[in-house]
Each structure stands twice: as C-alpha cells, then as structure tokens.
Amino acid sequence: MSAVFAAIWLPANPNAALSLAAGQILSATNFFFLARLVKLFTGARLAGDRGTAESMRGKGLLLGAAKLAVVYGGAFAVTQWRGIEFLPLMLGLSMPLLAIFLKSIMLALPAGAAKLSRRATSTASPSGSQAKLAATILLVGALALPLALLGPGRAFANDPPAAATTSEAATTTDAGTTHDATEAGHAEGDAAATTATAAEGHGEAAHAEGEHEGGGEAHLPNWVTIANDYAPNNPVVRWMHANEYLVFAWLAGIVFLVLVKVVMKRSAPVPGQLQNAIEWIVESMEDVCGGMLGKHLPKYFPFIMAIFFYILFMNLIGIVPGFKSSTSTVDVTLALALVTFLSVQVSGMINLGPLGYLDHLAGSPRDVIGFCMLPVMIPVHVLGELVKPVSLSCRLFGNIFGEDTLIVVFVGVAAFCLKASLLALAVPPMAGITALFMLLQTLTAIVQALIFSLLTTVYLYMMIPHESHAHEEGGHAH
Amino acid sequence: MNFAATLGLALPIGIGLAAIGSGIGLGFMGRGAMEAMGRQPEVLPKIQVAMIIGFGFIEALTIYAFVTMFILSGKIQ
Amino acid sequence: MTEQKPNKVTGWRQIGVLSAIPFILALAPIVGYFLGTLLDKKFRTAPWLSYVLLGLGFVAGVRETINLVKLAQRED
Numbered sequence: 001m002s003a004v005f006a007a008i009w010l011p012a013n014p015n016a017a018l019s020l021a022a023g024q025i026l027s028a029t030n031f032f033f034l035a036r037l038v039k040l041f042t043g044a045r046l047a048g049d050r051g052t053a054e055s056m057r058g059k060g061l062l063l064g065a066a067k068l069a070v071v072y073g074g075a076f077a078v079t080q081w082r083g084i085e086f087l088p089l090m091l092g093l094s095m096p097l098l099a100i101f102l103k104s105i106m107l108a109l110p111a112g113a114a115k116l117s118r119r120a121t122s123t124a125s126p127s128g129s130q131a132k133l134a135a136t137i138l139l140v141g142a143l144a145l146p147l148a149l150l151g152p153g154r155a156f157a158n159d160p161p162a163a164a165t166t167s168e169a170a171t172t173t174d175a176g177t178t179h180d181a182t183e184a185g186h187a188e189g190d191a192a193a194t195t196a197t198a199a200e201g202h203g204e205a206a207h208a209e210g211e212h213e214g215g216g217e218a219h220l221p222n223w224v225t226i227a228n229d230y231a232p233n234n235p236v237v238r239w240m241h242a243n244e245y246l247v248f249a250w251l252a253g254i255v256f257l258v259l260v261k262v263v264m265k266r267s268a269p270v271p272g273q274l275q276n277a278i279e280w281i282v283e284s285m286e287d288v289c290g291g292m293l294g295k296h297l298p299k300y301f302p303f304i305m306a307i308f309f310y311i312l313f314m315n316l317i318g319i320v321p322g323f324k325s326s327t328s329t330v331d332v333t334l335a336l337a338l339v340t341f342l343s344v345q346v347s348g349m350i351n352l353g354p355l356g357y358l359d360h361l362a363g364s365p366r367d368v369i370g371f372c373m374l375p376v377m378i379p380v381h382v383l384g385e386l387v388k389p390v391s392l393s394c395r396l397f398g399n400i401f402g403e404d405t406l407i408v409v410f411v412g413v414a415a416f417c418l419k420a421s422l423l424a425l426a427v428p429p430m431a432g433i434t435a436l437f438m439l440l441q442t443l444t445a446i447v448q449a450l451i452f453s454l455l456t457t458v459y460l461y462m463m464i465p466h467e468s469h470a471h472e473e474g475g476h477a478h
Numbered sequence: 001m002n003f004a005a006t007l008g009l010a011l012p013i014g015i016g017l018a019a020i021g022s023g024i025g026l027g028f029m030g031r032g033a034m035e036a037m038g039r040q041p042e043v044l045p046k047i048q049v050a051m052i053i054g055f056g057f058i059e060a061l062t063i064y065a066f067v068t069m070f071i072l073s074g075k076i077q
Numbered sequence: 001m002t003e004q005k006p007n008k009v010t011g012w013r014q015i016g017v018l019s020a021i022p023f024i025l026a027l028a029p030i031v032g033y034f035l036g037t038l039l040d041k042k043f044r045t046a047p048w049l050s051y052v053l054l055g056l057g058f059v060a061g062v063r064e065t066i067n068l069v070k071l072a073q074r075e076d
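Residue numbers (the numbering used here), protein chains in the order written: chain A, 1 to 478; chain B, 1 to 77; chain C, 1 to 76.
Just chain A, with the same shape it has in the complex (with noise of 0.2 Å):
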C-alpha cells in the first residue's frame, strides 16, 4: 500500500513521496523493533531459570539500543533534512498505525463483547423482547433528541447577538470559529508545516491542518476544519464549519441509529455478541433505574436510555481521530439538559397533577409556619428546579472539556517539541501519556453518560408522588 501511494505520489511531487516513504519506513521499524522487544521481555518473564532469563535481558538492551540508534537517528535526520514535507511524513508514521488501531478495535470488540455476553447470559435471557421493546422506543427518542437539539443548537450558532446574551462560551467559540475562518484564507501554505505536527502526538491523526492559537478555546482539527480548509467559499462546508458541534451531534445520532437498526434487524433467538452487549447495557441500566422508578419505569425508561445512549455516543465519538465530541461545549449540553428539565417538568405535572405541582413547588405546606414561609419557599424551589439542568450540563461539559483540553495540551507539547528537532526524541513518550490520557476519556466519557442518566432518573424520582415523600416533606416543613 505504502509503495503505492509513494508510485502515485513520485512525479508529482518527489520530495512529498521520499517523506511518506520515509515516515512509513520509520513507523514500520519502530513497530517491529517494539514488537521484538516486547516478546524478548514477556519471554524472560515466562521463561523460568535464570541463565536464559539473562542472555534474553541481554538481547533486549541490544535490541533496544538498536532501536534507538536507528528509529530515533532516523527521526532525528529526517527532521535535519531540509526538503523533508511534513504532512506527507505525518501520514507516513501515521498509516501504520492506524492500520493497528484499527485492527486492534476489530479485536477488542468481539471480545468485549463476548465478556460481556457471559455476564449477560445469566440476566438477559428471561426479558429480551422487553429490552427489545425499550430498543424500539429508544430508536424513535434517538430520532426525537436532535431534532429537539436542533432548535437551540441553531439559535446559538446563526445568532451571535443572541448566544452573546445566552451564554458567554457560546461568544468565545463563535469568535473562534471566525478567527479560524480568516486566519485559515490566506495562511493556508505556511501554517501547514507548524501546525500539522500536532498529529504525531496523537500517533492516529492522520490528518491535520490547523490548530487553533489563541482566539478561543483550543481544540484539535478535525475533518470539517480541514474541509473549510480547503474549500473556504462553500457555503455548505462553511455552514458545517460554523455548525460543527451540530454536525458531530448528527452523527452521533445517526451512528446510534445504525447501530440500533443492525442489531434489531438480526434480533436473532440466541443472540449475537454485539446485541448481546447492547441488552447487557440496558439491562443493567433497567435494574439501576428499576430501583428508584418502580412502577413508573416502562414509561420514563426509553427516554433516560435514548439520553444515554446518545451522550454516550456523543462523548465517544471525540475519541476517534478526526473527530470531535460535541458534548464539549456548554450550547449541546445545556440543549440535552433543557431537554431533560423538560420531561422532568411535564412529568411532574401530569404525574402530580396541576394542584400536586403547585404544592410541590410550594414545598408542601402543611401548617401556619408553612403558609408564612411561602413567599420565601416558591423562589427558593423554583431556583432549586433550575439549577438542576445548569449543573447537569456544566458538569459534563466540564468533565468532557477538560479531558479534551488536557489532550491537547499534551498534544501541543508534543508538537512543540517537534519543531524544535533536538527535543524529537520526547515525542515518543508524549504520544505515550497521550494515549494513556485517551484511556482515561473513555472512561471518562462512559461514566458521564452514566451519571447524566442517572441524575435525570433523580430528578424523575423527586416528581413522582411517592407517600414516604409527602411525609419527608411534610416533616420538614416544621
């Protein structure tokens, strides 16, 4: 594949298609000197006496001494060389490492799922049409949710006086994207040697073409980016780049979609790993929700699940290069909290009745001090009402934010330090951390999507008429 592209790339443009061949070369040797050493050490490790154990360490320092001299020379005189193209490079030492992304995602996959398809084979079995009921109802919330989005999404981004009044991100982030807009016109050739570095620390993003300095808040280039990059004048990738948190929010949605309609299609009796998994989750999420709902639960579940799974799908969608989580910025989320601070609203009105809610409101006075303290009471619980979707939203901005942040600090170091050609030899580690700090995103991004589900089913709970409520209510009203 690599010889192919560099044939193509050759009388073009020579010295594009030396750099690819030389980043793919670097790559390649890196990779295959790491997986030597790698076997060299776990077979010291298995190995059980002493002498062998000791010639293998011995192999293992020349190895890695090897390694050292030839990759990181390698780099080193690569970025000496003077007619080196750094994008073609990036992609070079890039491509095989997308190929083993890749690879290993096809990997891990079946066999997440498999580990969770034992655990699920216990539970899963007795309600399955009933988590295939909550996927069908889920599938058309999914559908619901961005058009519900699109509403706000739309009046912040077409709007600026508008998002100026609404939300102080939102000013910062237009402000961003027009900065980016003039500044990526007539700066397109020699910002492309600075900044397409930022691609190596993250070892998987191949293409990269600008990354925001100053303006607003910093973030990694994605494909859009690097559409209105290159076509400025389209309206339709401008209004996409104006949009970009709406495009991802889409897709996010419409990945979900297929995903959902892959697995209802092959709802097969014994089920496979991937719908295996996908009851898994919604099982377990029945059992957490079951607990606080109880009889109310087949009402309110598809929506708590069509929120999960779609800033689920949100967060993690920010993990694959090229891409962005839409979730990191306060527009998308304070949309989903308004959303949800809907339902929970309407819900609390149909479920207490117009009366129910006025007293509920009113925090339920029940005696003389009660009635006094009521013009006091109503601020204080409608404030209460409407900090829970600020802080829902502020948290999971804050936390897919700052994650986002952080890797593109690290990105940024590692950038930095491959400019300056002597400090190349950091890189290597920085991708390391990097990618460690990937992992935490994950994490990161599965337990947000948790939380915000399960505070929305809270927040369910304080609505429904329950009478161990009215009693806590009623005596804490004295």
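By construction, these hints were calculated from the structure, which means they are not laboratory data. Careful: at least some of the hints might be erroneous.
What the hints assert, rightly or not - Once the Cα atoms are required to be at most 30 Å apart in a straight line, the calculated DSBU-like pairs of lysine-lysine come out as:
hint, chain 1, residue 1, chain 2, residue 2
1, C, Lys41, A, Lys295
2, C, Lys41, B, Lys75
3, C, Lys42, B, Lys75
4, A, Lys299, A, Lys261
5, B, Lys46, C, Lys70
6, A, Lys295, A, Lys261
7, C, Lys70, A, Lys299
8, A, Lys299, A, Lys265
What the hints assert, rightly or not - So these bits of chain B aren't anywhere near chain C, every CB distance computed over 10 Å:
hint, residue
9, Gly32
10, Ala33
11, Glu35
12, Ile76
We put the beta carbon where it would ideally sit given N, CA and C, even for glycine.
Since chain A is already given, all that's left is putting chains B and C on it; use the hints.
Coordinates of chains B and C only, in the frame set by chain A:
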C-alpha cells in the same frame, strides 16, 4: 497596568490558589476518613457517605472559583 | 450475584447523586444571581433583586443538597 492585564495575571493565580486550598482540604478530609475507617471498619458505609458529602462541600468552593474564572475571562479582550 | 446486585445498584446511585452535590451547591447562587440581574433589567430595580436571589440561591442550594443526601441514604 490596565484592567485586562490585571485580570489575565490574577485569574490563573486565583484558580491555582483555589486548587491548592481545596486540595489541602480534601487531603485532611481523606486522612480523617481513612483513619476512622481503619479504626472502625464496621461503620465503613456511613463514613464513606459522610466523606463523599464533605468532598462535595469542598469541591463546591473549587467550582465557585472555576465559574468565577470563566465569567471573568470573558472580560479579557 | 443476586445477593450482590441491590448493593451495587445502591452504590452507583449514591455515587451519581452525591457527586451532583458540588455542582448544585456552587451553581445555585450563581444561577440566582444571573436570574436576578435579568429581572433587574426588566423591572429596573437595579441591584436589589440580584442580591435577594443570590441569597435565596444559597438557601436553594443547601435545600437541594439536603434532599440529595436524604435520597442517597434511602435504602432499597
């Protein structure tokens, strides 16, 4: 030294101070909770819940600082 | 497994509910303050409403926190 420059200097220092303070607070709290857990393992869940609530109160102060930083950082132009 | 399950569920719920406390506690006065400034602009009662709502925000935050703690400690 104008307003924006002062703000640009003060905000990172402020958020760092908030992080230091809440870090010290969390450390004290965690130490106390761990010692209590080690001494009386039978009341472990209660101590855990109380510890997490205390963590929440301390974290709230950090979030105050964080939100204030976000609000004020919009004024740096 | 059946023995462990309710415990695990309660644990997850506790983590979720209790980790919401700092945000609620911190953001309630801030939301109150912004709501107050908004209402101040509308009714032209310059600083008063925002201060009152700031105080009420503190109260609301503490009240919601008490509710959440009560909810987290409920056993079932």
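_Structure-inconsistent hints, enumerated in ascending order_ = Failing hint: just 1.
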